[in-house]
Amino acid sequence: MRTRTLTPPVNLMNRRHTSVPPPTGTWRLGWTLAGRDYAVLIDRRACFASLGLLVVLLAISLLSLCLGSLALSPREALAGLFGHGAPMNVFVVRELRLARLVAGVATGAAFALSGCLMQTLARNRLATPGIVGIDNGATAFAVASVVGVGVSLSPPPMALAGAATATAITFALASDVGTRGYRFIVAGIGVGAVFGALTQLLMSRVAIDAANSAYPWTVGSLNARDDVALTWLLCGLAPGIVVACYLARAMRILRFSDAVAQGLGHRVRACRYVALALSVALAALAVAVAGPVGLVGLIGPEIARQLSSHRGVPLIASALAGAVVMVAADLVGRLLLAPIEVPVGIVTAIVGAPFLLWILLRPAPRFQS
Amino acid sequence: MTEPISHERVSCRERLSSRERLSLVKLMLILLTGLGLVSLMSLLFGAGDVGPVAAWSVLTGGGSDDARFVVESLRLPRTLVGVAVGMALGVAGSLIQAVARNPLAEPGLLGVSAGSALAVAIALVLGASAATLRVSVAQLGALCGCLFVLAMARVNGVGSDPVRLVLAGAVLSGLMGALTSVILLVDQRSADEIRFWVIGSLAGRRLEDLRAILPSLSFAGVLVVVIARPLAALALGERVAVGLGHHPRWIRLLCIVAVAMLVGAATAVAGPIAFVGLVVPFVARALAGPDIRRALWLALPLGPIMILCADILARLLVAPSEMPLGVVTALVGAPVLIAVVRAHRLPAL
Chain A
135 MRTRTLTPPV NLMNRRHTSV PPPTGTWRLG WTLAGRDYAV LIDRRACFAS
185 LGLLVVLLAI SLLSLCLGSL ALSPREALAG LFGHGAPMNV FVVRELRLAR
235 LVAGVATGAA FALSGCLMQT LARNRLATPG IVGIDNGATA FAVASVVGVG
285 VSLSPPPMAL AGAATATAIT FALASDVGTR GYRFIVAGIG VGAVFGALTQ
335 LLMSRVAIDA ANSAYPWTVG SLNARDDVAL TWLLCGLAPG IVVACYLARA
385 MRILRFSDAV AQGLGHRVRA CRYVALALSV ALAALAVAVA GPVGLVGLIG
435 PEIARQLSSH RGVPLIASAL AGAVVMVAAD LVGRLLLAPI EVPVGIVTAI
485 VGAPFLLWIL LRPAPRFQS
Chain B
11 MTEPISHERV SCRERLSSRE RLSLVKLMLI LLTGLGLVSL MSLLFGAGDV
61 GPVAAWSVLT GGGSDDARFV VESLRLPRTL VGVAVGMALG VAGSLIQAVA
111 RNPLAEPGLL GVSAGSALAV AIALVLGASA ATLRVSVAQL GALCGCLFVL
161 AMARVNGVGS DPVRLVLAGA VLSGLMGALT SVILLVDQRS ADEIRFWVIG
211 SLAGRRLEDL RAILPSLSFA GVLVVVIARP LAALALGERV AVGLGHHPRW
261 IRLLCIVAVA MLVGAATAVA GPIAFVGLVV PFVARALAGP DIRRALWLAL
311 PLGPIMILCA DILARLLVAP SEMPLGVVTA LVGAPVLIAV VRAHRLPAL
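The listed protein sequences correspond, in order, to chains A and B. Take the working numbering: the final residue in the first sequence is number 503, and no numbers are missing along the way. Take the working numbering: the final residue in the second sequence is number 359, and no numbers are missing along the way.
Fair warning: there could be bad hints in the mix.
Claimed, not checked - Pairwise CB distance ranges, derived in the manner of DEER restraints:
1. L136/B to L201/A: 41 to 49 Å
2. T158/A to R249/B: 50 to 58 Å
3. Q440/A to G247/B: 51 to 59 Å
4. V346/B to A411/A: 25 to 33 Å
5. L398/A to R259/B: 49 to 57 Å
6. R249/B to F390/A: 39 to 47 Å
7. W492/A to A349/B: 43 to 51 Å
8. G186/A to V252/B: 53 to 61 Å
Bear in mind the hints are in silico, worked out from the structure with no lab data behind them. Even for Gly, the Cβ is constructed at its ideal location relative to N, Cα and C.
Just chain A, same shape as in the assembly:
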């Protein structure tokens, strides 16, 4: 999405870059800092896509603040957001809906960013953390911490440990078969099934109260979010997005072969490790807040890829699209069967599964081996 070009020859220093026109479909942003010229190429279509998604996200966020068992007009909701209007409205908007909205946006962005990174790394558009078993690993460990088996760590670090374990197992199992094909995915499904069974085992060992408190972990819901976990996620997401933007250029080269990336001067191995670690960490932190809603990691990047140009890896657009999907799914889940709340994980499963089937059954997939 972004290209940074350093200008090597010194005698060109005084010349303006505008003598070379930027490639079609991009804008060039040039500046001089400490005697050196820098330029950034901005992909026009990716930029428009991100802006459009941002507008949609703002609109649906406002909708999410307005709608619920107490319906507010947009004006009332905004007034309540800034602390004006009836105390009831202020309470509902700021205490109840805003926290939930922030959690939805953050988890959606984290899941989608994580999915986009892992898809690019594995060169496989089905390789999202939810599908290759990483979500289930994080869930199993987080449930272990909730029902108190031996250790007394809080859910987020435990989810991190679980996600790292599941990733290590899945990638170790894939060392023979590679990460490109479907075998990788099915090996991941197997790993996920083991961790899912472990979660059930933990739940069946404990008393009914502890099992009830751990139940949201197994379906994925924004209802029982933990404030500490949300803080962890926000602290991880902010630097994560920055690192992802830094990686974006290397990632778009990594989509080709390792030899090409190495020939263009990228440190393939380091870049891959950083991206994988970031992907796993984001997925784990998001699971610690909302439980396994992994299909967002598939839907978000797919929407972003359709909207953006094929040149780059749409990391920012993926994060925005994931946030939109998450907030929308949560809104639908809250409103659909009004007094009962359908957990967001179930809504995304119902929406995402046909989508996944469509990807699978399409005659000529673009992204897979």
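With chain A held as given, fit chain B onto it using these hints.
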């Protein structure tokens, strides 16, 4: 088989087959002994207070009233239901693997069990509650799931790649699971009625449950006996099967009907249990070779052995309470799935 074969080859083949048949009988004897032992264990061990010694004294004719009640009214029906469910799932797994030509095909993984669970949930919401109705509804749902799987297997690219078909099935199964949980959320009454059923368990099953599924199980058994031979011919390829006078389309259809009846009956009694239909044919093929008829014979004792072992573990691992049966089978079956996927050359069926 119909092509002209030279004399030596015939004699060689006959010798081979007679030796294999002998080994099949031996294998069956060994497995049946194993099944007897496992059934005995299933009667002796339990989560409650009645230990193996007390249960043994009941079996030999003595024992207290409590122990007698536990063994005769709780553990015996449970064991019998486990044997029936294991047979059904093992045979169904072998059949669906043969008809989809895919060593990874499994009723639970492909969404057939989830389809029947969804059908039962819908029926309960619509007001049904009779046990007999539940069996037929579950079979209907399983049939829909089977037909969908078969349709997917025919799509170009998916059918030729065994792993891709499993992926599609896993997605389908997730979708049905989500729909089932929505129904359970909406309708509290049916939620209470089937909450312990949707996770898959043998706990508290009675002899009436077994009686409800016996007719369809025996019908499916007759069907399997009829189609076993054409199915073995179909394994040689569609043209060979046609050349031998079979009708591949009809074989497939009958096979699917048999799978739907078996899986539907098993699901109606025990809930969706995954991975049994994957592990049992895998082991049966390893023991018996590629011939589907021999594999089907071996699947008959192997399925109950796996189910009963898993059920005993489910009772003993978390001693005062019980674990869902599906959890244990998943813990055993998922590594087998990974092993099959990792094998460099998937065995072609």
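Here's how the hints hold up against the structure:
1. For L136/B paired with L201/A, a C-beta distance near 31 Å fails the hint of 41 to 49 Å.
2. Between T158/A and R249/B, the C-beta spacing of about 55 Å keeps the proposed range 50 to 58 Å intact.
3. A hinted range of 51 to 59 Å is violated for the C-beta pair Q440/A and G247/B, which are about 41 Å apart.
4. Separation of V346/B from A411/A is about 31 Å and conforms to the stated range, judged on CB atoms against 25 to 33 Å.
5. L398/A and R259/B have their C-beta atoms about 55 Å apart, which keeps the hinted 49 to 57 Å range intact.
6. Judged by the Cβ atoms, the range 39 to 47 Å given for R249/B and F390/A holds: they are separated by roughly 43 Å.
7. Take W492/A and A349/B: their Cβ atoms lie about 30 Å apart, and the range 43 to 51 Å is violated.
8. The beta-carbon spacing between G186/A and V252/B, approximately 56 Å, falls within the hinted interval of 53 to 61 Å.
The structure shown violates the earlier hints numbered 1, 3, 7.
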